[in-house]
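Residue numbers (the numbering used here), protein chains in the order written: chain A, 20 to 192; chain B, 28 to 547.
There may be inaccurate statements among the hints.
Derived CB-CB ranges, DEER-like [stated by the list, open to error]:
1) B/A227 <-> A/D177: 34 to 42 angstroms
2) A/P130 <-> B/D222: 15 to 23 angstroms
3) A/A131 <-> B/H176: 44 to 52 angstroms
Facing chain A, from chain B, some residues (calculated, C-beta under 7 angstroms) [what the hints assert, rightly or not]:
4) H213
5) I264
6) L454
Derived list of chain A stretches under chain B, where covered just means 3 residues or more per stretch with a C-beta under 8 angstroms from a C-beta of chain B [to be verified]:
7) 67-79
8) 83-95
9) 110-121
10) 147-154
11) 166-175
Derived by calculation from the structure, the hints in this document are not laboratory data.
We put the beta carbon where it would ideally sit given N, CA and C, even for glycine.
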Amino acid sequence: MRRMLLEGLFRRPVTEGTPTVNDAEVDALAERLGVSAMARLGRSLSIREVDAGSCNGCELEIHALNNSYYDVERFGLRFVASPRHADVLMVTGPVTANMREGLERTYAATPAPKWVVAVGDCATGCGVFGKSYAVIGAVSDVIPVDLVIPGCPPEPIDMLKGLIDLIEASARS
Amino acid sequence: MSTLRTALLNTALTIEEQKPWPRITVDVDTWRQATLAVAAGNATLSGLWAEPGAVHMALLDDQDGALTVLTLAAPDGRFPSVGLTHPPAQRLERSIVDLYGLTADGMPDDRRWLDHDRWGVRSPLGSMSQIPANGSPYAFLKAEGPPLHQIAVGPVHAGIIEPGHFRFSANGEIIVRLEERLGYVHKGIEGLLTDTTLEAAAKVVARVSGDSTVAYSLAFARAAEAALGVGVPQRAIWLRALMAELERLANHLGDIGGICNDAAFALMLAHCGILREDVLRTAKTAFGHRLMMDRIIPGGVTDDLHDVLPIKTLTAHIRQRFPRLVELYDNTASLQNRTVSTGHLATGLARRFGAGGPIGRASGRPFDARKTPGYPPYGDLDFKMAVRDAGDVDARIWVRIDEVYESLELIEQIIDRLPPGPISYPLAPALRERRVPQAGGLANEPHDTATEGLALIEGFRGDVLVWLRMDESGRVLRGAVRDPSAFQWPLLEAAIEGNIVADFPICNKSFNCSYSGHDL
Ligand code: SF4
Numbered sequence: 020m021r022r023m024l025l026e027g028l029f030r031r032p033v034t035e036g037t038p039t040v041n042d043a044e045v046d047a048l049a050e051r052l053g054v055s056a057m058a059r060l061g062r063s064l065s066i067r068e069v070d071a072g073s074c075n076g077c078e079l080e081i082h083a084l085n086n087s088y089y090d091v092e093r094f095g096l097r098f099v100a101s102p103r104h105a106d107v108l109m110v111t112g113p114v115t116a117n118m119r120e121g122l123e124r125t126y127a128a129t130p131a132p133k134w135v136v137a138v139g140d141c142a143t144g145c146g147v148f149g150k151s152y153a154v155i156g157a158v159s160d161v162i163p164v165d166l167v168i169p170g171c172p173p174e175p176i177d178m179l180k181g182l183i184d185l186i187e188a189s190a191r192s
Numbered sequence: 028m029s030t031l032r033t034a035l036l037n038t039a040l041t042i043e044e045q046k047p048w049p050r051i052t053v054d055v056d057t058w059r060q061a062t063l064a065v066a067a068g069n070a071t072l073s074g075l076w077a078e079p080g081a082v083h084m085a086l087l088d089d090q091d092g093a094l095t096v097l098t099l100a101a102p103d104g105r106f107p108s109v110g111l112t113h114p115p116a117q118r119l120e121r122s123i124v125d126l127y128g129l130t131a132d133g134m135p136d137d138r139r140w141l142d143h144d145r146w147g148v149r150s151p152l153g154s155m156s157q158i159p160a161n162g163s164p165y166a167f168l169k170a171e172g173p174p175l176h177q178i179a180v181g182p183v184h185a186g187i188i189e190p191g192h193f194r195f196s197a198n199g200e201i202i203v204r205l206e207e208r209l210g211y212v213h214k215g216i217e218g219l220l221t222d223t224t225l226e227a228a229a230k231v232v233a234r235v236s237g238d239s240t241v242a243y244s245l246a247f248a249r250a251a252e253a254a255l256g257v258g259v260p261q262r263a264i265w266l267r268a269l270m271a272e273l274e275r276l277a278n279h280l281g282d283i284g285g286i287c288n289d290a291a292f293a294l295m296l297a298h299c300g301i302l303r304e305d306v307l308r309t310a311k312t313a314f315g316h317r318l319m320m321d322r323i324i325p326g327g328v329t330d331d332l333h334d335v336l337p338i339k340t341l342t343a344h345i346r347q348r349f350p351r352l353v354e355l356y357d358n359t360a361s362l363q364n365r366t367v368s369t370g371h372l373a374t375g376l377a378r379r380f381g382a383g384g385p386i387g388r389a390s391g392r393p394f395d396a397r398k399t400p401g402y403p404p405y406g407d408l409d410f411k412m413a414v415r416d417a418g419d420v421d422a423r424i425w426v427r428i429d430e431v432y433e434s435l436e437l438i439e440q441i442i443d444r445l446p447p448g449p450i451s452y453p454l455a456p457a458l459r460e461r462r463v464p465q466a467g468g469l470a471n472e473p474h475d476t477a478t479e480g481l482a483l484i485e486g487f488r489g490d491v492l493v494w495l496r497m498d499e500s501g502r503v504l505r506g507a508v509r510d511p512s513a514f515q516w517p518l519l520e521a522a523i524e525g526n527i528v529a530d531f532p533i534c535n536k537s538f539n540c541s542y543s544g545h546d547l
């Protein structure tokens, strides 16, 4: 084990370069989010992930954000265990009828200022599932959504870009 | 089982055209006898699903992997409970009751399962009646006594995972009873597979459980091809196996790291996470999608492999890095202390529930759908089935480790022997041919030409079952899927008993059941 740890210290990091940030996009986002509140958070965001009905494909890719390639913590992004500690909810899946209350209560338990990121085609528009007796609709049909990251599932690099935009927007006020 | 099969075939009222295994309609007595035979262990229950007015039960012969589907017509909406004599059927039966409004006579547990009183309707796939959607409390099973207390967890968990509720009854640190309440991510998949196009159905089945998307697409394609009687080019068959093994590799690497991480050994997760990411990136280079979603379609595959080099580089890289991680796992006493003898699942239970995948194989149930019933190209490939007897978290890790090596082996063999040629046959001509008039009939004469297909495919989690009924134009009339998790979830409740609460995450991760695949 010692050898692996030492190697870890001396090998070149495997991490990806930071995705380029498009200033215009960030400005637009900052405006949309009402940045004055966000300034209080500085350059760090705590994220709570909520699966509101996904197929688990999106979860796999959100997980990947924590691997050494993407390593989101270096941007001040941290996944937390409780909505009470969160600034951002990352929500996946079409919202199922059985998860609606779970999502609403998680949102209510998150202290303001808070933002919601809808991750994946299901979260942004039900994907292949469509509305039915079991599916209420997209995340925005249940709670207000601030940022959408489409894809089925979106690649980690796309999510990373979205989240960095969010941080930049929050620091811009 | 083969004598049972013969007996069932002899008592059949009718035998339907379902490929490659028969579906036979039986009377109530034969249905009851079959449930007793399953309970006695003469066959494994592999699926239980319904449609308005009928129930179907798939029986698996563990020896040769052959499936027999029994159908019981239930014109009055009743059928004799299977769960009464065979507990693995209980949750499937409760789902049938919730979705179709059928009554399972003698059902030992009549609490609603998928229906949480949130849909605004009862029996959404059956008679469909309106009710208020205000939710109802769930009567958890009791564990009583002065020192016992309950711990409620979920549906929203403290990690990046799917939702479900766990109710622990604990005596101090020791878990006396765990009861799961699932169904939170029920999306109505059987409803979406009713009267739809082949393309739409394929997309839905590919998303039953995203981590097994390749296995599901493969099962869907094989069921559709069996029903329609269409062939697949050789190259596509081999490419499908390549994708399936890449998927297994990625998931097993993720699971090995994840289990160790739940014992607070983050180093394994960090290294396994890198290897997993390498697999996904290679998949993207080779097939254009990291999870290879929608790459397998009825008739073949969508993307050809133009360059084998990235895949060769990948396997060489993993072969170089992975053994050191295995050594690390094997030599870290503090980690072994958490995994060895933890979460023990007895062989008898694994067999009774037909536990598939690494969970069954780590508890001495030697079943792998790639071997039996087997499907091409695995008959031409050389690989061993990893089996252990210990049944603990450690055994489940070792089965996955062994399977990582087997998948590497398979990928290398496939790459070396990949046949040339087309990657898909268009379905349209095959379908037109089917419409050629039979003797005495006219092509456009309306007649009952529904055909059915069934497929059993080994995903990384275990055997995935897909059943389809289609019409001659290739439209999907009805479909059902069964995830390996359906039989694995109840076993987690058994395996956790007597363990400490703090070991629940590691036990749960060593099972890694799918919520979405279970809830459908
Ligand atoms: S967007 Fe795709 S991957 Fe994500 S939950 Fe929906 S179907 Fe699954």
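A quick look at each hint next to the structure:
no.: 1; hint: B/A227 <-> A/D177: 34 to 42 angstroms; verdict: violated (25 angstroms)
no.: 2; hint: A/P130 <-> B/D222: 15 to 23 angstroms; verdict: violated (47 angstroms)
no.: 3; hint: A/A131 <-> B/H176: 44 to 52 angstroms; verdict: violated (34 angstroms)
no.: 4; hint: H213; verdict: holds (5 angstroms)
no.: 5; hint: I264; verdict: violated (25 angstroms)
no.: 6; hint: L454; verdict: violated (20 angstroms)
no.: 7; hint: 67-79; verdict: holds (count 12)
no.: 8; hint: 83-95; verdict: holds (count 5)
no.: 9; hint: 110-121; verdict: holds (count 9)
no.: 10; hint: 147-154; verdict: holds (count 7)
no.: 11; hint: 166-175; verdict: holds (count 3)
In terms of the numbered hints stated before, the structure departs from hints 1, 2, 3, 5, 6, listed from lowest to highest.
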